[in-house]
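Q: Guided by the hints, dock chains B, C and D with the ligands onto chain A, whose structure is given.
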Amino acid sequence: MSAEPRAVRLYRTMRLIREFEERCLAMSLSGEIVGGIHPYIGQEAVAAGICAALTEDDVVTSTHRGHGHVLAKGADPKRMLAELCGTTAGLNRGRGGSMHAADVSLGVYGANGIVGAGAPIAAGAAWSFQRRGDGRVAVAFFGDGALSQGVVLEAFNLAALWQLPVVFVCENNGYATSLPLNRALAGDPVERAAGFGLTARAVDGMDADAVADAAAEAVERCRRGGGPAFLECRTYRFNGHHSFEEQVGLNYRDDAEVGEWRARDPLRTQSTRVDGATAGAIDAEISTLIDEAVEFARAGRAPDPAEALHHLYADGTTPRPGVMI
Amino acid sequence: MSAEPRAVRLYRTMRLIREFEERCLAMSLSGEIVGGIHPYIGQEAVAAGICAALTEDDVVTSTHRGHGHVLAKGADPKRMLAELCGTTAGLNRGRGGSMHAADVSLGVYGANGIVGAGAPIAAGAAWSFQRRGDGRVAVAFFGDGALSQGVVLEAFNLAALWQLPVVFVCENNGYATSLPLNRALAGDPVERAAGFGLTARAVDGMDADAVADAAAEAVERCRRGGGPAFLECRTYRFNGHHSFEEQVGLNYRDDAEVGEWRARDPLRTQSTRVDGATAGAIDAEISTLIDEAVEFARAGRAPDPAEALHHLYADGTTPRPGVMI
Amino acid sequence: MAALAYITALNQALHDEMARDDRVCVFGEDVRIGLTQVAKGLHDRFGDGRVVDTPLSEQAFTSLATGAAMAGQRPVVEYQIPSLLYLVFEQIANQAHKFSLMTGGQVEVPVTYLVPGSGSRSGMAGQHSDHPYSLFAHVGIKTVLPATASDAYGLLLSAVRDPDPVAVFAPSALMGTVEEVSGELGPVPLGSARIHRTGEDVTVVATGQCVHVALAVAEAMADEASIEVVDPRTIYPVDWETIRASAEKTGRLVVIDDANRMCGFGGEVLATAAEQFDLTARPRRVTRPDGAVIPYALVLDQALLPDAAQLTDAIRAVLK
Amino acid sequence: MAALAYITALNQALHDEMARDDRVCVFGEDVRIGLTQVAKGLHDRFGDGRVVDTPLSEQAFTSLATGAAMAGQRPVVEYQIPSLLYLVFEQIANQAHKFSLMTGGQVEVPVTYLVPGSGSRSGMAGQHSDHPYSLFAHVGIKTVLPATASDAYGLLLSAVRDPDPVAVFAPSALMGTVEEVSGELGPVPLGSARIHRTGEDVTVVATGQCVHVALAVAEAMADEASIEVVDPRTIYPVDWETIRASAEKTGRLVVIDDANRMCGFGGEVLATAAEQFDLTARPRRVTRPDGAVIPYALVLDQALLPDAAQLTDAIRAVLK
Ligand SMILES: Cc1ncc(C[n+]2csc(CCOP(=O)(O)OP(=O)(O)O)c2C)c(N)n1
Ligand SMILES: Cc1ncc(C[n+]2csc(CCOP(=O)(O)OP(=O)(O)O)c2C)c(N)n1
Ligand SMILES: [Mg+2]
Ligand SMILES: [Mg+2]
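Protein chains in written order, with our numbering: chain A, -5 to 319; chain B, -5 to 319; chain C, 14 to 333; chain D, 14 to 333.
Chain A on its own, in the form it takes in the complex:
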């Protein structure tokens, strides 16, 4: 697979995310995925481009809108979908779901339900890498909303101060739920990050090539001990904040704006960089893969309620139950 040109690999990853998300969205609306999802559609170039610069040993922390990151880092779509369906074959044995999907064996330290929470965790992994001098890198994904979150700003300072090998990837999709960035942020994301001593730049988040280039540069600098980076990836989510928005309809973005961004579909852009036959083959391959994933997820079994507290403590400490007669 690594013999393939980067453009092809990027296309495959993005196509995988797109198909996965479209299927998930449908399964959320039908109730098969109970908590619903935060769809990543439109932002695929970011996950694909960033993760293209990483190896299996590198670590990422993800967000509530995490499917793209988890898949781009290499997680098995079957087990990912099985997780969203709450079955024991899921990545997290059905304990995590969409907002906590993780594959620690691949360095995916999990989606996270709290905005910004992953940034200092990634910095901590990076601290550990720095201490061991093993050249690994950590990446923290987060949205524009996280730029107002104290713990993220604290993490910027620590990372820059200690020159940790961490890349902060801000997926600026313009909104935190209904709040547009200009009513959330005083100043500019890149300037803010630079004010913390981070090497900071903005990149077109709708262009997987551009993201991959910027990521490669930042990641290599980290590996060489050149210190942390901040990348603002300007992107857009094509759908609502959460799958429930498809049902209720909230009115905070105008159609023209959505249309303009949809016209810049990163998947289509990337498809122009791959020859038609290859793209067609990938499309077919992914389509089969996702069909299989759906089948796999549907065939899974629900966990045993008697095991509801399994894994609460790593040493097997057994808590008292809720009723004792």
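One thing to keep in mind: the hints can contain errors.
[Stated by the list, open to error] Cβ-Cβ distance ranges computed for the label pairs, FRET-style:
id : chain 1 : residue 1 : chain 2 : residue 2 : range
1  : B       : E50       : C       : D57       : 34 to 42 Å
2  : C       : A16       : B       : E301      : 46 to 54 Å
3  : C       : G62       : B       : E301      : 34 to 42 Å
4  : C       : T211      : A       : F238      : 34 to 42 Å
Rather than coming from a laboratory, the hints here were simulated on the basis of the structure. Note that the Cβ used here is the ideal one computed from N, Cα and C, for glycine as well.
A: Just chains B, C and D with the ligands now, with coordinates in the frame of chain A:
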């Protein structure tokens, strides 16, 4: 008093703080002030200069090193010292002590034991002033250590975003307890604040005139609706972090450094701006005032232990006691 | 009689109180569009000056509310997730709560913290499903947990009018429920319990959505025992007199409470009963397990929440 | 026999464990100079790579420890004030604690949170005097509260070796105390109580510095009653078997615990006793009042802390 030249007023305030602190330090070492204090000696130009730009209607939030701010805002030194001695005649009726001394009637929303905690509280008062359009201003004092505290950075963003009439005054004395700023902060305080869209500048915190000028400018801008400001006041504490340091001796600053800063004593600088006779009269006046304050504080009575939970709830809700037989 | 939805009651309370008292203002994420419905229509009616859409800066806007309260406003702060209260625990427990005592009574901090959607949301998993009101009770924050629409209305009104910080937990499980109410809606005082059903044999103290579980169980067990259902409504301070009177009347006590067992509200009721109530049988509690983290899969989520079967068992145990 | 100071024991445990296990590292404010004594000498011995002086960014460095733990380190994080744990409650309760379950057991988070100087510091007033371990127990964090130097050593060692997050509260009142210890120091397992004094008439469950109050009262009351003093040592998980065995042996139970009353550890012991223990008298607890905020003046501070006189009264009450 307001007919007096500013230089004289600044000198009086600084002399008051200096004498008050020297006496407090002695009383801490002798055990009369039980929890000890964080002495403000060396930083007087900041409190005096900033508060010279404020009226009684303006609000300040202070810090663990708060005596200077409380006095400069006009609190009665007698009742302040009575507070530190834990008597009912204290500003807080003996409930607050050094780290929580407050005189709300003068807009002093309290010293605070948690670093950075006052910044968003000041922003909140400023929000209220803005809403009412009454031209009042809030000032948040905090140390260089607070520049790494998430809630402070969040408050910077909200203040700049909403153009609140708040002035953030960072008293950069170079250390957070034993941690020098260059091992605490990536980048520069003013650039960091500017990265949040705040009008930001540094000023010589050993020069009361310079501080007062900068404060007047920032406060007037706030009053006109021109938005918040950040002032880095470069200063130094002449003594240890806390009075206990006078006893144990911690070794993190070298004597030469302390000596250089002591040579720039802001009180001496200010004394050169006041004619000798006036200064002498003020010195005598303050000396008497502090003697009276000590007498007043010593004469106070300790609160009644039966009233230990008074004021816990504003509506008089009475909590259950610690033992019920 | 009119049907009042729980979520509408919260929204109505804010409308009414904002109209009555100009000092009341609302801070929170997505309050402009009224995402959770609690703030619906407030921005249109009261504007930017009183309904403030906040960036994701929970700590700062929580303390901003404290400062605004000290300067004369009466802020209501909305949080989208119960665990966001962990993020602002310092600002509530160590700042807002302590100013009154620390200043020797110089200042009041009338802020309301409102969580619409506390407890499990079925499929929102570990970080979105806690019910952390016992933490607030422990540190001494006035804490309410309304079980019905009229109580939601009345308790939220009282919370906003209270001179101290008050946390209002509105359980996710109740958001869509409807109560038949008669007469005018009005404030419900903090610290007063509500007896939902009288009975002679067992007292069930039930909180939040568990009130409805208890009422259903009481009905289903009507042949076996006469069950009194008491809702404390305020988790702190507690209306101990009403609870005690009921428990001593029946002589038997079961608590059902959707919080972790260890050091939870259910435990406090049992502890106080042990010290002070005359009972004829051991009391019981039905709670989440110790230290529970709610897993994603629905069957696991539900396995950890107190339910009717457990309550039935507990009631039978105290009747033995 | 050798005299071991409590604070030295904590420091020694860190020295020994860092020497034994290269993965152990320390984060905290002023740890380089060992301001609180807990980290004394560690920086000189283990260097910058393992002893990290942090800026005042409690939230970030707490979660940094989580990330480092997930990547294979075993961080110990020191906090200078108990209430700083409020500031990082999200990072501990909602992140570190939940990863094991949420990931379905994919990852361990072996972090130790160490608070040297919890509880009242006599004159440090409202924001520096809380004793918030019950909050940690409620959410399910393993929580220890050593009462003696040897327990401080042994429990801290076990905390650092534990695969889960553990909070260690070292009461301010004990820092300067000394224990006569014989033999080798070693780990003390989490979840095991220590019977400090055997007796036949009353069981006093005492925590932290209250253990010493209980021992003094037991001695002073020796003519009146034979008092057994049990220290749970671990606030969560609790060694219920030892407590139950003692309480059922004596038939009488009093708890003394320096935390707020409502939903505190003392209440949990009483609640569990009410459900499960066979007692011959009502149990009692001696605690701080509900929702206490410690005032500055010493006489007020002390008035709110559980003391010997209150314990004596409570013991007499259960003996009646
Ligand atoms: C700290 C925190 N505050 C609020 C929420 C509720 N919430 C979930 S996602 C979201 C918006 C996040 O916006 P952004 O960071 O831009 O990410 P996006 O959803 O656009 O991908 C909010 C407010 C949360 N989960 N965590
Ligand atoms: C959030 C927080 N972290 C840590 C402490 C403990 N502490 C008290 S003062 C202090 C240093 C503060 O430094 P700085 O802000 O520069 O103020 P200075 O003492 O220099 O005036 C520390 C670490 C605290 N009170 N609050
Ligand atoms: Mg966004
Ligand atoms: Mg400083």
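Q: Hint by hint, note whether the structure agrees.
A: Checked hints:
Checked against the given bound of 34 to 42 Å, the beta carbons of E50/B and D57/C, roughly 38 Å apart, stay inside it. At roughly 49 Å, the beta carbons of A16/C and E301/B sit within the given window of 46 to 54 Å. Evaluation of the 34 to 42 Å hint for G62/C and E301/B yields a pass: the beta carbon distance comes to about 40 Å. Distance hint check: the CB atoms of T211/C and F238/A are about 41 Å apart, consistent with the given range 34 to 42 Å.
The structure fails none of the hints (numbered hints given earlier).
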